[in-house]
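Going line by line, the protein sequences match chains A, B and C. Going by my numbering, the first sequence runs without a break in its numbering and finishes at 301. Going by my numbering, the second sequence runs without a break in its numbering and finishes at 276. Going by my numbering, the third sequence runs without a break in its numbering and finishes at 256.
The set of hints was computed from the structure by calculation and includes no laboratory data. Some hints here could point you the wrong way.
What the hints assert, rightly or not - Part of the chain C face toward chain A, derived, beta carbon under 10 Å: (1) PRO77; (2) THR160; (3) LEU163.
All figures in this text were calculated on a predicted structure; none of them were measured in a lab. No residue lacks a Cβ here, since even glycine has one placed at the ideal position from N, Cα and C.
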Amino acid sequence: MTALRAWLQDPSPTSRRQARLGQLWLAWLRIRRNRLAMAGLIIVAILLLVAALAPWIAPHDPFVQNLANRLRPPGTPGYILGTDDFGRDILSRIIYGARITLYIIALVAVTAPVLGLLVGTVAGYFGGWIDAVLMRLTDIFLAFPRLILALALVAVLGPGIENAVLAIALTAWPPYARVARAETLTIRGSDYISAVKLQGAGAPRIILGHVVPMCLPSVIIRVTLDMAGVILIAAGLGFLGLGVQPPQPEWGLMISSGRKFLFEQWWVATMPGLAIFMVSLGFNLLGDGLRDVLDPKSAPK
Amino acid sequence: MTLLDVQNLRVTFDTETGPVQAVRGVSFSLGRERLGIVGESGSGKTMTGRAVLRLIRPPGRIEADRMVFDGQDLMQASERDMRALRGKRIGMVMQDPKYSLNPVMTVGDQLTEGLRRRDGLGRRDAEAKAIAALTAVHIRDPARVMEAYPHELSGGMGQRVMIAMMLIPEPDLLIADEPTSALDVTVQAEVLSILDGLVRERGMGLIFISHDLRLVARFCDRVLVMYKGKVVEELLAKNLLDAQHPYTRGLLNCLPRIGGPRGPLPALDRSGAWAQ
Amino acid sequence: MSLIEIDHLSVTFRSKGREVHAVEDVSFSVEQGESFGLVGESGSGKSTILRAICGLAPVTAGTIRIDGASLPAPRGPDFATRVQMVFQDPYASLHPRHTIDRTLSEPLAIHGISGSDARVVKALEDVGLPAAFRFRYPHQLSGGQRQRVAIARALMLEPTILLLDEPTSALDASVQAEVLNLLDRLRAARGLTFLMVSHDLAVIDHMCDRILVMQNGRAVEQMPREALAEARMTTPYARSLFDASADRMLGGPARP
Chain A
1 MTALRAWLQD
11 PSPTSRRQAR
21 LGQLWLAWLR
31 IRRNRLAMAG
41 LIIVAILLLV
51 AALAPWIAPH
61 DPFVQNLANR
71 LRPPGTPGYI
81 LGTDDFGRDI
91 LSRIIYGARI
101 TLYIIALVAV
111 TAPVLGLLVG
121 TVAGYFGGWI
131 DAVLMRLTDI
141 FLAFPRLILA
151 LALVAVLGPG
161 IENAVLAIAL
171 TAWPPYARVA
181 RAETLTIRGS
191 DYISAVKLQG
201 AGAPRIILGH
211 VVPMCLPSVI
221 IRVTLDMAGV
231 ILIAAGLGFL
241 GLGVQPPQPE
251 WGLMISSGRK
261 FLFEQWWVAT
271 MPGLAIFMVS
281 LGFNLLGDGL
291 RDVLDPKSAP
301 K
Chain B
1 MTLLDVQNLR
11 VTFDTETGPV
21 QAVRGVSFSL
31 GRERLGIVGE
41 SGSGKTMTGR
51 AVLRLIRPPG
61 RIEADRMVFD
71 GQDLMQASER
81 DMRALRGKRI
91 GMVMQDPKYS
101 LNPVMTVGDQ
111 LTEGLRRRDG
121 LGRRDAEAKA
131 IAALTAVHIR
141 DPARVMEAYP
151 HELSGGMGQR
161 VMIAMMLIPE
171 PDLLIADEPT
181 SALDVTVQAE
191 VLSILDGLVR
201 ERGMGLIFIS
211 HDLRLVARFC
221 DRVLVMYKGK
231 VVEELLAKNL
241 LDAQHPYTRG
251 LLNCLPRIGG
261 PRGPLPALDR
271 SGAWAQ
Chain C
1 MSLIEIDHLS
11 VTFRSKGREV
21 HAVEDVSFSV
31 EQGESFGLVG
41 ESGSGKSTIL
51 RAICGLAPVT
61 AGTIRIDGAS
71 LPAPRGPDFA
81 TRVQMVFQDP
91 YASLHPRHTI
101 DRTLSEPLAI
111 HGISGSDARV
121 VKALEDVGLP
131 AAFRFRYPHQ
141 LSGGQRQRVA
151 IARALMLEPT
161 ILLLDEPTSA
171 LDASVQAEVL
181 NLLDRLRAAR
191 GLTFLMVSHD
201 LAVIDHMCDR
211 ILVMQNGRAV
221 EQMPREALAE
231 ARMTTPYARS
241 LFDASADRML
251 GGPARP
């Protein structure tokens, strides 16, 4: 263990692999010093674990109805968080719902930022009419409120989890494109870009190898900050019946179905709401911490 | 008469890896004369200048056995007292006017702001004073410059405005931190001679901080040579060519000279005991 | 035939509807193996000429020829193996998120040259940097060390022409001496041709065989090194530049 640590912290690594792992180790050390970021990381890690181990840790089947056990309050033996209007265990449904939430987040996180980053860096790097076309396209998407646009897309594509994800991704990329373009504009005139141009590099190499790494920190931070929003929009679509379909245990859908009993049986809507709140908070805290870690200026001398 | 007396000044930064001393026991005293502080980057020369005005932010700490300006103990002075001193009695000119002037205010507004706020002058009086100050730094068309925004000025012009701004309250001591290194050589000479004339006329004390040994030698009465936070040599500017210390000699020798020999330039030898 | 021939070169930028003549009707030529200096104050267009050669500034009139052939419009990979540039500010010319290793191996990757491991180590050695610096990031290096990396990068493709844009003006005097010595040594060892830009006459005089003085985008006076040393300039501007030069201040005319 100590040998490994010494190898990772070696100030003059001997191979490219060692250097890269050493950098990751340093980033890990920096994030570990940041308490809030660690709290966020732990929440996200718990979400991952819960989603992965759902069949083993859920006390009940999330789909089996038991009308004799309808609307039991939290603390009922065997039903820690109570039951919903079909007598299903809310805790089990939240645990299984973590899988759906994670699925949505993962799909959105790999599509929207990548698309936004590409559009933004290409527009910013080339400028001229390419910039004008791409940015006006971005403006069109930005002109509509996100939820409305997602609603319209789902209405066209039909309800369902994949379509909900697609709709969210299509509405989420414009801010990334804006951020990436703004960064690219400041980067493209810099000497290090001129230098690599002079070495004969083509536009794809410059954009992917030199411009994107500089835009990445701000985009990654936006992604983690947006994750909370993504969960909420997915929940919103589920709430409106356009996302995940019943009886799937999606958190937004659960809130929606609990709405009818909000005043008498508050826990049906509140428990999934708390889950959304916790996960959003986790991603926000992690995003804040990542900003500190990824900022090149904060790196130790 | 001593205007500023500094004994054993230390500036320490507390970092994660332990305290780092940027200035390690600097002592000097200054009358109404021109004192040059020379050194390379990281020598602590800028920190010395800022420490006199107590402009070091945490995690930096200033310590000194004695730091007295015109009978007033700067180490004991409250932040309020220091604010009254800064600008009014001790002025400071920074390296790059681009970063020292407010980009969204006209030069005229920036020049008159202090006069109107601090001294309670009327608009007309303040403007007259500002124009006089601009004239004093040899700006030919002061009325036009008053209306201009900083980005509309050239580097030399901007630096002259900075100097004018510092001179309006008629300070007793001016600290100039690399006031001309962002300027072209011909403009540099002009700005320096303006500064020089003002210092002589008004009998101010001047601390001139620069990396350029030759410039300081030509311009100052006395020179402190700093290395790694310490004064390694103090000498009269006219005796600079007879400097004894190996660092000063090394700095002088490593500069190329017009018509000088073509061989490799003598590199600065940092192996001596003084460099540790 | 000269290696670099610049013939009636003009560069005009458009900004906010106004035309800015950065370079106007400048001609000069640089011989194979020669070191040629462009000297002038800011705004004189000296750096713009270097950028125009590299295709980073728009040529509005005139021609640039290298080895008798005019240059293709996007400069292309062939140009990169013959001409390289060292930039003024070593703090801005290295990619902040790439290790030194990545920066130095990039040109090899672009041109599909193999054996980058050994070449990077050799390049560091050639510019006097320890191999331990290989996986560091630019912010872990001092200004002088960064400029050495920038020089090493420019030499990775073994060009014959090196364009030097104020390579030492951001450095301390003692570091400047080391970098100038390094450049001199590399030029002698590899038979490089230098085209160097500086505002400092003493640096240009030390490094260059012939000098072109520029002002406001125009060529003012061209002279060999000997003429500068003996103060045989014919134009008033060149003389004023000479008089204001910092190294004249020591033991020069009386203090003001």
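Okay, the hints, checked on the actual structure:
1. Taken as an interface hint, C:PRO77 checks out: its beta carbon lies about 4 Å from the nearest beta carbon of chain A, inside 10 Å.
2. Because the beta carbon of C:THR160 sits about 14 Å from the nearest beta carbon in chain A, more than 10 Å, this interface hint is broken.
3. Nearest Cβ of chain A to the Cβ of C:LEU163: about 9 Å, under the 10 Å cut. The hint holds.
Of the numbered hints stated above, the single one contradicted by the structure is hint 2.
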